[in-house]
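Q: Build out the structure end to end from the sequences listed, making use of the hints.
There are 2 protein chains.
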Amino acid sequence: MTTLPDATHHSLIAGEPAKGTDGVVRAIDPARNEETGPEFTTLAESQEQAAAEAAAEAFGIYRKLTDADRAAFLTTVAENINAAGEEIIATAMTETGLPQQRLTGELARTVNQLKMFAKLVANGDHHSVRTEPALPDRTPLPRPDLRQRKLPLGPVVVFGASNFPLAFSTAGGDTASALAAGCPVIFKAHLAHPGTGLLVAQAIAKAVADHNLPAGVFSLVYGRGTTVGQSLVKHPAIKAVGFTGSRFGGTSIMATAAARPEPIPVYAEMSSVNPVMVLDSAIKGDSTALAEGFITSLNGSAGQLCTVPGLIFVPGDETGDTFLANVKNALAETAGVTMLTPGICSSRVQGEKRLTSMPGVTEVGRGTDGQTANALGPAVFSTDVETFLTHKELSEEIFGATCLAVRYASAGELQKVASRIEGQLTATLHLDTEDPGDVALAADLVELLELKAGRVLVNGWPTGVDVGDAIVHGGPFPATSDGRSTSVGTAAIDRFQRLVAYQNLPAALHPAPVHEDNPWDVPQRTDFLSQLR
Amino acid sequence: MTTLPDATHHSLIAGEPAKGTDGVVRAIDPARNEETGPEFTTLAESQEQAAAEAAAEAFGIYRKLTDADRAAFLTTVAENINAAGEEIIATAMTETGLPQQRLTGELARTVNQLKMFAKLVANGDHHSVRTEPALPDRTPLPRPDLRQRKLPLGPVVVFGASNFPLAFSTAGGDTASALAAGCPVIFKAHLAHPGTGLLVAQAIAKAVADHNLPAGVFSLVYGRGTTVGQSLVKHPAIKAVGFTGSRFGGTSIMATAAARPEPIPVYAEMSSVNPVMVLDSAIKGDSTALAEGFITSLNGSAGQLCTVPGLIFVPGDETGDTFLANVKNALAETAGVTMLTPGICSSRVQGEKRLTSMPGVTEVGRGTDGQTANALGPAVFSTDVETFLTHKELSEEIFGATCLAVRYASAGELQKVASRIEGQLTATLHLDTEDPGDVALAADLVELLELKAGRVLVNGWPTGVDVGDAIVHGGPFPATSDGRSTSVGTAAIDRFQRLVAYQNLPAALHPAPVHEDNPWDVPQRTDFLSQLR
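First to last, the protein sequences are chains Z and E. Okay, so the first sequence: first residue is 1429 according to this note's numbering, each after it adds one. Okay, so the second sequence: first residue is 1429 according to this note's numbering, each after it adds one.
Hints were generated in silico from the structure; no laboratory data involved. These numbers were taken from a predicted model, which means no experiment stands behind them. One thing to keep in mind: the hints can contain errors.
When chains are identical, the list treats them as one kind, so a pair holds in a single copy or across two.
[To be verified] Pairs of lysine-lysine residues, derived as DSBU-like cross-links and limited to a Cα-Cα distance of at most 35 angstroms, are as follows: (1) LYS1820 - LYS1662; (2) LYS1756 - LYS1712; (3) LYS1447 - LYS1844; (4) LYS1844 - LYS1712; (5) LYS1820 - LYS1712; (6) LYS1712 - LYS1634; (7) LYS1820 - LYS1492; (8) LYS1844 - LYS1492.
A: Now the structure itself:
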């Protein structure tokens, strides 16, 4: 079932349907392995230029909206998506196999993060204004009047994720933060959920029209393979890129962006195995509950979450044996759920074959397969630290509910691993926080893991990312292309801004956020250094 | 004259002299075109690995200093440089040809910016702490305790500038901001002022020893050509690069950094012609004073400043003729001063030859040559907007006191130029701020120029960069490699930090800046979103 009319649909460039000349695609219902929904035409490489040009033109007006107007627009986007929520969820269920409850939560998150950015923009915090009034009598040189703020970078191309058809797709975190910053967005639709994408795009386009904004503020483009995307990244009007997907896809875009005559920033969220380190004292508590919590986190959304625990370090001794026995029991009671696409499912099968073909890797346990197609049960394998550190491929992500348990013999082995692993989105410790020995060990590990991950957790599971002011969803390469930033939360807006200063401008020429009358009532930090000792 | 002993000197790796095996270099006194000062051995490519390894080891300790300890260290660096000021200035005068007054001012700036970062670090603002305490009763999901802060990236390689042997060299802005962030620094010495570099490096190394810090916190390396520098950029221990120099040098380093297995950020400040637009009303005032101010800005430090006005837009009518006649008079009364190196001087001569060989470019006037070697007089050439926009090479930087005056026929031509020029460090407007027509035109131009430059000025000259909280010394490519940032002022510290969040850590595991007891008394932004409407 889909609520889109059963006609052929097209890209939505600056509010108008744009018929692609590169053929058509249809979604696949992964629960049935059958095509579903209408056809979508895909653009040829030359056709997406129009979206870039419209975005460049729209930027001139969109970036100059008052904070209040931009906040109102973001709120309307949120409301329009909410209003179309039933159709969007129904379409997404068919196209992605994700259950209604998950998609209902994801829609709420998508709406809420748009509203969060509306609040932030209405406050004006994102301008990061700093002023230093003139000091004509300063010696040896007078100080000029200086006013610093952040400006939007310009049109942004966003590549959506397969695994969050709403919250990290058409109106997801990258789109919301770029629009909040004042950047028009060209969204490269994910072809695994083309109908969901179009419904959300229509909600955004309606908000653009509702607010009489230039239509080029938002476009949705369908294109097969990577050609159209890479071509957009090369377009001189594009000033930044947001991406969520594979390491291969992300590094390709990084290379394209770096090779431009004018290189541009790329924010690619790519791959992470999210190590979890289970210390002795954690298992001495309720080891059964710990194992069940682990498998629930592993199998949720079929393990297709950027922060799924794909690597867990377990003591090599008998307490660890007990824990893994509990993991095996938990797996036996767990059924697989439909994966997003047949391709993702078969990649996971291949990945597990590579794992088990390696000497020193054994299977701990496996859940049952679900009733639908592509519903592979969750699986846990095990090896030891030496094997893990010797074979780099054991630290590569297998997307889905597959986890490698690595048995460690000593605290020293854990520290060695923590200092050698690649960059991660998250790193997690489980311990009894009343156990002085493990707290001391955890303190050492936090110091190592904070250098490797964007978020460090204790006694929780990394899946489930809170959207707020203090969250970080990022991390050193290869977790992301730019570990300085976050793609979730208020700080995500910073990715699409740059600094500019104004020196000795008369008040008549001051942009509103830095104006001494502060007409938008934005936070201004004035003469900060003189307030310090 | 130099105050370094007349022996052979070496790189200073982690506090110890490291004899290079790739030959020796000596400085050249550009005022006499003669070698001066002692010999310095240059490292072979393999030899600088030791500096990277020492920096990586030092990072583990250095990054964990308390804010107070790191601030005290930065203050000692400043004091040690100040204490050696006389020797440093004498050596720099011989090696660079810059006059004592300029170097005295530059030394003060170098010391003051270290002290500014010490103040900033002591305050703790740079941690950018945000906290969101747990909300166990939030629906539909409880909120975990989340604490966000910024962490130093790791060891940084800094390439110094020829034109600021102190403020943008060994202990200059990049070094100061990286050390302030908690990053060890490996400084690639500029071979135009090797003795100055060593004296400053010794002052830093003494501060490292004074504070009992790991010696790898700072190293100075001499290497010929780009081999040693590029090799350091490739070293896996290096996590960021600061660079000030040519577009060719900067883009080479960008390419190397992007091609690493783990790409790293590069902050390269490269080239800028700093357009100045003189509106009609500015000339109707004191056109003679305006012309004199222009030539003073152009010829200061022999025009060898990143922000020198290399491009000035002048009305095509008679008022513009009058202004350029005044410029010619000002030039006639101005003598050239010694340039930094014979190579820089001959590049400038070649650049001016290319200019005058182009059809449509004529010479407006030229100052006299100075009495020393390499003291080419300042020169101004002119062309029209059409010629300027047709020949891209006319917008390329000629380093030194060379400026191209472009005659414009209309406000429309100025707007066209403002929308087409490449990224710049600065853009300047001159106008009578009581003239309503020119204020309206200036408002349009500010909106165009703020997209192209890091700093927009009115009725001043771009040379002379104030070091404070609201300054921006940056700008879109090719002015810098990363227009989001600044290399001068407090915000420069941000370039060497990344975000990390801690979720549900017990207080015993909280790093000090995010700890609820706030033992370092740092600014913490708590529950920000709940305070917004």
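Q: Now tell me, hint by hint, if it's right for this structure.
A: Now the hints, each set against the structure:
| no. | hint | in the structure |
| --- | --- | --- |
| 1 | LYS1820 - LYS1662 | both (33 angstroms within a copy, 21 angstroms between copies) |
| 2 | LYS1756 - LYS1712 | within (18 angstroms within a copy, 86 angstroms between copies) |
| 3 | LYS1447 - LYS1844 | between (55 angstroms within a copy, 34 angstroms between copies) |
| 4 | LYS1844 - LYS1712 | within (24 angstroms within a copy, 72 angstroms between copies) |
| 5 | LYS1820 - LYS1712 | within (31 angstroms within a copy, 71 angstroms between copies) |
| 6 | LYS1712 - LYS1634 | neither (56 angstroms within a copy, 51 angstroms between copies) |
| 7 | LYS1820 - LYS1492 | between (49 angstroms within a copy, 30 angstroms between copies) |
| 8 | LYS1844 - LYS1492 | between (51 angstroms within a copy, 20 angstroms between copies) |
Of the hints listed earlier, the one the structure fails to meet is number 6.
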